[in-house]
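Trainee: As a plain string of letters, each chain reads:
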Amino acid sequence: MRALLISDSLNLPKLLSPVSELKPSYVEAITNADSPVSVDRLLILKGDITNDCWVDVASERAKGFDLIALPASRDMREVAARIAARLGLPYVSGVTQVSIDDDIKASRLCFGGRGLELISVKLPSVLSFDLSAFEPSTGSPRSKEELGPRCDRRMRVLERRGKVAEVDLSKAETIVSVGRGLKRKEDLEIIRKLASLLGAEIACTRPISADLKWLPEERHVGMTGVRVRPRLYLALGISGQIQHVVGFRDAETVVSVNVDPEAPIGEVSDYFVIADLYEFVPKLIEALERK
Amino acid sequence: MEVVVCVKLAYDETQIPVEGDILLLERAPVKVSDIDRNAIEEAVRIKEKLGGTVTAITVVTGPYDETVLNEAIAMGVDRAVIVEGLREHNPLKTARAVAETLRRKGIKYDLILCGEGSSDQYSCAFAPALAEYLSIPVLTFVGKLEVDGNCVRAERFLETGYERVESDLPAIVSVTSEINEPRIPSVLQVMKAGRKEKVQVRSEELDLTAPELKVSEIRAYVRERLRKKLDGGMETALKEILEILREKGVIS
Ligand SMILES: Cc1cc2nc3c(=O)[nH]c(=O)nc-3n(C[C@H](O)[C@H](O)[C@H](O)COP(=O)(O)OP(=O)(O)OC[C@H]3O[C@@H](n4cnc5c(N)ncnc54)[C@H](O)[C@@H]3O)c2cc1C
Chain E
23 MRALLISDSL NLPKLLSPVS ELKPSYVEAI TNADSPVSVD RLLILKGDIT
73 NDCWVDVASE RAKGFDLIAL PASRDMREVA ARIAARLGLP YVSGVTQVSI
123 DDDIKASRLC FGGRGLELIS VKLPSVLSFD LSAFEPSTGS PRSKEELGPR
173 CDRRMRVLER RGKVAEVDLS KAETIVSVGR GLKRKEDLEI IRKLASLLGA
223 EIACTRPISA DLKWLPEERH VGMTGVRVRP RLYLALGISG QIQHVVGFRD
273 AETVVSVNVD PEAPIGEVSD YFVIADLYEF VPKLIEALER K
Chain G
13 MEVVVCVKLA YDETQIPVEG DILLLERAPV KVSDIDRNAI EEAVRIKEKL
63 GGTVTAITVV TGPYDETVLN EAIAMGVDRA VIVEGLREHN PLKTARAVAE
113 TLRRKGIKYD LILCGEGSSD QYSCAFAPAL AEYLSIPVLT FVGKLEVDGN
163 CVRAERFLET GYERVESDLP AIVSVTSEIN EPRIPSVLQV MKAGRKEKVQ
213 VRSEELDLTA PELKVSEIRA YVRERLRKKL DGGMETALKE ILEILREKGV
263 IS
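So the protein lines, in turn, are chains E and G. Be aware that the first sequence starts at 23, since it is given in our numbering, and climbs by one per residue. Be aware that the second sequence starts at 13, since it is given in our numbering, and climbs by one per residue.
Some hints here could point you the wrong way.
Unchecked claim - Now the stretches of chain G that chain E is said to cover, found in silico as 3 or more residues with beta-carbon under 8 Å:
no. : segment
1   : 25-35
2   : 119-127
3   : 132-144
4   : 190-196
5   : 237-249
Think of the hints as simulated: they come from the structure by calculation, not from any bench. Keep in mind it's a predicted model, so treat the numbers as computed, not measured. All residues carry an ideal CB built from backbone N, CA and C; glycine is no exception.
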């Protein structure tokens, strides 16, 4: 089986993990900067690479490959679907697990994380992987080449406001997560204080990062964000909608604090404190400081 | 401005009963896929500003309920096109069905809108695939949109930051839920929506060559928790939480 990986350089080492498990005979990767991965051939695209470029370059190279693998990031979900449509290949998105006999068998979440779907597809096919459960697989490429592609730019990029990712929450042991129960951005201070006392990382629900922009996107937990697996997940002022809940499904213990005794978070917590977080958190901080 | 908005009807995932590891889909209500409502809202706002019409297209691949579709139409859609006869969840095939319907029915479009992903499968593959089949630009995960003459300018919301982009029209745009707050139509508007033009298309009329996927199984992905309520007052709760923190090795 010949595999072609298409990924930004940061996600590439993680993407190689699930693909390696399929024991490919030859692996080539197309990326945008040098990356410590053990592949047969690493192609580094130089210059300003837009999604149109990724699609053009990858579709050109894809002939003769059985599996085309990408991360399920937002950009790469677009790129993956376009390559599949352009080449007439089947596409499965957000794959969490994969195996191969004659066909590819892939699982992925559905219904906001309430269900797990098992899908089979014939090779060649395109798969995008949910990388939150995979460890990076590092090494060094057997050969390397730089390419300066000329692409048809249907979409023009005017400006990029990047942020360097602060954390990889998928590794955190303890997480303090906040939802819309938090009333003002300034109140993040008490959450920060609590997190530092617990040696925890801060996470949030999608409205906190995407709507209110109080925290960066990589701290949003759930179906469209990160999936975490800490020993302890402390959910403060979070209602417990399934799209968020799926993100901490693999936490060992879940403690939640909510004023509403009927909040669905109660059903998916080990311990459910019915309290106002503005009363509970300062008290908890006090108790921790007293020790 | 001729705006086409693509709408999916889906089982309401928040109300799917679970028995063991089985999802009882047939007992779940049907809804308009959440982020498609943001797409409809955006389409209607563009029409309100620039004039023109809004055509909604739905390809039925799973559950269908006419009153639910009427709720979508009541937000300000002028006519609806319903493609029936498909059974599988395969976004590439759905995109092919829409591309074919637009072509065969001579439906004009300057802008095609849809949600970033559906609330059931969330593949986010429909808009990109449709763009390939129609050979037009695609802007995905758009949280801010502005139509300016023959051009769209948008802000894409990505994990790694924001990207301001533009493209010529016609184009296809997938929107995120942050783009707007969808209006909720009144009961009267929903009733009136039932009388709006509806065009039925059978999938057999269309050329639907697209690669196949086979879903062999769906099972529940829930995890049992202790569900212990700590409602015996603040002090007791605090004590218990400190105990748990210690047990978990978070504090010593
Ligand atoms: C396709 C799709 C994908 C999505 N993906 C994600 C995702 O990946 N991650 C995600 O998080 N969301 C996601 N969402 C959104 C999700 O459905 C919910 O809207 C969101 O998780 C709710 O966030 P919340 O719990 O912070 O807010 P709310 O639902 O508004 O809940 C706030 C909670 O705080 C409680 N509260 C209020 N005041 C206090 C107080 N003083 N003390 C204690 N408790 C208080 C309230 O009782 C309430 O339960 C997605 C939605 C869709 C449609």
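Trainee: Taking the hints in turn, state whether each one holds.
Mentor: Hint-by-hint comparison with the structure:
1. With 5 residues bearing a CB less than 8 Å from a CB of chain E, the segment 25-35 of chain G meets the requirement of three and the coverage assertion stands.
2. Given a C-beta distance limit of less than 8 Å, the hint that chain E covers the segment 119-127 of chain G is violated, as 0 residues qualify and 3 are needed.
3. Only when three residues or more bring their CB closer than 8 Å to a CB of chain E does the claim for the segment 132-144 of chain G stand; here the count is 12, and the claim holds.
4. Given as covered by chain E, the segment 190-196 of chain G fails the check, having 1 residues with a CB less than 8 Å from a CB of that chain where 3 are the minimum.
5. Requiring three or more residues with a Cβ within less than 8 Å of a Cβ of chain E, the coverage given for the segment 237-249 of chain G holds, as 9 such residues are present.
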